[in-house]
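Read top to bottom, the protein sequences are chains E and P.
Going by numbering that gives the first Met the number 0, the first residue of the first sequence is number 0, and it counts up by one from there.
Going by numbering that gives the first Met the number 0, the first residue of the second sequence is number 0, and it counts up by one from there.
Please keep in mind that the hints were generated in silico from the structure rather than gathered at the bench.
None of the values given here were measured: they were computed from a predicted structure.
Be aware that one or more of the hints could be misleading.
As the list claims (entries may be wrong) - Using 16 Å as the maximum straight-line C-alpha spacing, the simulated EDC-like pairs for lysine to aspartate or glutamate come out as follows: (1) Lys-191(E) x Asp-136(E); (2) Lys-33(P) x Asp-148(E); (3) Lys-30(E) x Asp-181(P); (4) Lys-33(P) x Glu-109(E).
What the hints assert, rightly or not - If you want the footprint, here are the derived chain P segments under chain E, 3+ residues with CB under 8 Å: (5) 33-40; (6) 255-268.
Beta carbons are placed, not taken as given, at the ideal position from N, Cα and C, and that holds for glycine.
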Amino acid sequence: MRSLPDEVVQVEHVSKDFILHHNRVDSLKGKVVGLFKDRWRTRHEHFHALSDVSFTVRRGEAIGLMGRNGSGKSTLLQVIAGILKPTSGRVITRGRVAPLIELGVGFHPELTGEENVYLNASLYGFRNKDVRTRFDDIVEFSELAHFIDTPVKNYSSGMYMRLAFAIAVHLEPDVLLADEILAVGDAAFQEKCHDRIASLRRNGMSIVLVSHNEQQVRDFCNSFVRLDGGRVVETGTFRTKTAHAG
Amino acid sequence: MAKTLEHIPLSAPSAGGLRSLLAYSDMLRNFVRKDIQVRYQGAALGFLWSLINPLVMIGLYVFVFSDVFKSTLPNYPLYLMAGLLHWNLFSQITGQSCDTLLANAGLVKKIYFPRLLVPISSVVFNVVLWLLAIALLFILYPFLGGKLHPVLAAYPVVLLFFLAFTFGVTLILSVLNVLFRDLKHLVDVILLFLFWVTPIVYQYHRIPPHLRELFALSPLVDYVLIFRGILYSGQLPDWHILAMAVAWTVASLALGLFIFNRYADSLVERL
Numbered sequence: 000m001r002s003l004p005d006e007v008v009q010v011e012h013v014s015k016d017f018i019l020h021h022n023r024v025d026s027l028k029g030k031v032v033g034l035f036k037d038r039w040r041t042r043h044e045h046f047h048a049l050s051d052v053s054f055t056v057r058r059g060e061a062i063g064l065m066g067r068n069g070s071g072k073s074t075l076l077q078v079i080a081g082i083l084k085p086t087s088g089r090v091i092t093r094g095r096v097a098p099l100i101e102l103g104v105g106f107h108p109e110l111t112g113e114e115n116v117y118l119n120a121s122l123y124g125f126r127n128k129d130v131r132t133r134f135d136d137i138v139e140f141s142e143l144a145h146f147i148d149t150p151v152k153n154y155s156s157g158m159y160m161r162l163a164f165a166i167a168v169h170l171e172p173d174v175l176l177a178d179e180i181l182a183v184g185d186a187a188f189q190e191k192c193h194d195r196i197a198s199l200r201r202n203g204m205s206i207v208l209v210s211h212n213e214q215q216v217r218d219f220c221n222s223f224v225r226l227d228g229g230r231v232v233e234t235g236t237f238r239t240k241t242a243h244a245g
Numbered sequence: 000m001a002k003t004l005e006h007i008p009l010s011a012p013s014a015g016g017l018r019s020l021l022a023y024s025d026m027l028r029n030f031v032r033k034d035i036q037v038r039y040q041g042a043a044l045g046f047l048w049s050l051i052n053p054l055v056m057i058g059l060y061v062f063v064f065s066d067v068f069k070s071t072l073p074n075y076p077l078y079l080m081a082g083l084l085h086w087n088l089f090s091q092i093t094g095q096s097c098d099t100l101l102a103n104a105g106l107v108k109k110i111y112f113p114r115l116l117v118p119i120s121s122v123v124f125n126v127v128l129w130l131l132a133i134a135l136l137f138i139l140y141p142f143l144g145g146k147l148h149p150v151l152a153a154y155p156v157v158l159l160f161f162l163a164f165t166f167g168v169t170l171i172l173s174v175l176n177v178l179f180r181d182l183k184h185l186v187d188v189i190l191l192f193l194f195w196v197t198p199i200v201y202q203y204h205r206i207p208p209h210l211r212e213l214f215a216l217s218p219l220v221d222y223v224l225i226f227r228g229i230l231y232s233g234q235l236p237d238w239h240i241l242a243m244a245v246a247w248t249v250a251s252l253a254l255g256l257f258i259f260n261r262y263a264d265s266l267v268e269r270l
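Let's have the full structure, built from the sequences with the hints guiding it.
Structure follows, in C-alpha cells:
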C-alpha cells in the first residue's frame, strides 16, 4: 500500500461562478448584428453555483454531499474531479481520483465490450498493460464473459451498466467520486457492487458521494456535507450505521 | 491494492505538461484505433478507401491539365502529387479540427484528461489515414520520373515542420469554433479559396510577377514549393521561402498552444 497523506481531498474556500448566457448567440452573424440590435445581444448574468465551500476527506472516509436539486453538489463533484476550474479557492487531491459521474463515458456502440474496456480505462489514465492484468477480473465481475467480444450496441442497458461499473471498481482508485451511482443491475448484482465497494473501502479507498437520498448517504457514508444555494449549511457525522463500510 | 500501478495524478487540476501526456499515450492509441475502426466498419475495402479519394482526384487533374489544357510540364503526375497530397493532409486535418472539441463534449465534461489529447488524436488519426497515400507516392516515385537526390533526406524534417504548423492551426480553430459555431463553414470556404491560390495544380511562375510576392506570404504556398522542390525538382527553393515556412510554423504553434492552454479549461462550460 502506498503511503499517502491522510487528507486525500482538500477543498479550500472553493467558489464557482457560471456565466449564464441568456439569448446566447454563438454565430459570427449574431455577434455582428448584436453590436447594433439589442434583441440579438447576449445578456450575461453571473450565477454563484458554489460559494466558499471548504471540507476535507480523509483516507478511508466516505463523505456524502447532500442537498436539493441545484444546490451545487454536482458542480462541486466536477470541480473535485478537475473537470471544472474553481473561480476562486483550490482543491488538492492526492492519489488516483476516479470520477464515476456517469457510467460508460466514452463507450463506443460499434466497439466490442473488450475494446471498450481498454478505451474506457485509458480515459482514466490507465495503461493498456495495467488493464490487461485486470481484464479477467473485470469480465468476471460484469458476468459478461459470453458477450465480451460483441459490440456494446447489442447490449441491454443492464449489461452496459454492469460492464461500465465493473471497469470503474477495478481501477482501484484512492478516491471514488460518485454521482448517485454506487450500484447497478438487479438485486443480486447490486449486492455484489456493495460488497466490492466495501472491500475497496477496507483497503483505504475514500468516497465522495453526491446524493439527494438521505438513506443512501446514511448507508454508505460516515459523514456528510449539506449544501444549499451553493453554500455549506450543515456538516456532521453518522455514528450508527456503517454496515456497508465494513 | 494498487500492486503495480504507477502513481498518476488522475484529476489533479494542475496536471499538464509532457509527463502527464505521456501517461496518456495509451489513450491516444486506443482513441485513434477506435476512430479508424469505426470509420471503416463494415466497408469491404476498409482502409483502402482512404486511398481512393486522392487517386480519383489525381486522375482527374492529370486528365484536365495534361489532356485538356495541354500542359507541357514533364512528369506532371509527380508534380501534381507532390503538392496535392500535402494539401490533402492540411485540408483534412483543419477541416475536421473545428468539430473535435464539440464531438467529444460528452467525454470532456465527464472525465478529466489532458485536453490537448483531443486535437492531438484528431491529427494523428488523419496522419495515419494519409500514410497510405504518401507511401504509394514513394513506391511509384521512380516510375513517375522521380530521381534520387540528396535533398530527399530533408523530407522528414520538412514534414515534421508542416505537421507542427498544421497542429497549431488545429488548436486555434478547435477553440474558436466553440465560441463561434459557424466558423467551420467559413473554414470550408477558406480552404476552397486557399486551394486555388496555392500553385498545386499549376506552376508558381504562371502567377503574374507582381502577385508572386503576395502569394509567397501564404504558408501553404511556401510549403507546397518546398515539398515540390524536394520531390520533383530535386532542389530546395530560395532561403526566403524556407524562412517564411519556419516563421509560420513557429507562430502557428506558439499561438495555438497559448490559446488552447488559456481557454481549454473554461471551454468545458460552453460545450
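Hint consistency between Lys-30(E) and Asp-181(P) [alpha-carbon to alpha-carbon, up to 16 Å]:
This hinted pair holds, its Cα atoms lying about 11 Å apart.
Check the hint pairing Lys-33(P) with Asp-148(E) against an upper bound of 16 Å on the C-alpha distance.
Given pair Lys-33(P), Asp-148(E) holds - Cα atoms ~15 Å apart, limit 16 Å.
Count the residues of the stretch 255-268 of chain P whose CB lies closer than 8 Å to any CB of chain E, then report whether that count reaches three.
holds (count 4)
Does Asp-136(E) sit within 16 Å of Lys-191(E), going by the straight-line distance between their CA atoms?
Within the cut-off at roughly 13 Å; holds.
Taking only the CA atoms, is the gap from Lys-33(P) to Glu-109(E) under or equal to 16 Å?
9 Å, holds
Can you confirm whether chain E covers the stretch 33-40 of chain P, using C-beta to C-beta distances below 8 Å and requiring at least three such residues?
holds (count 4)
The structure agrees with every numbered hint stated previously.
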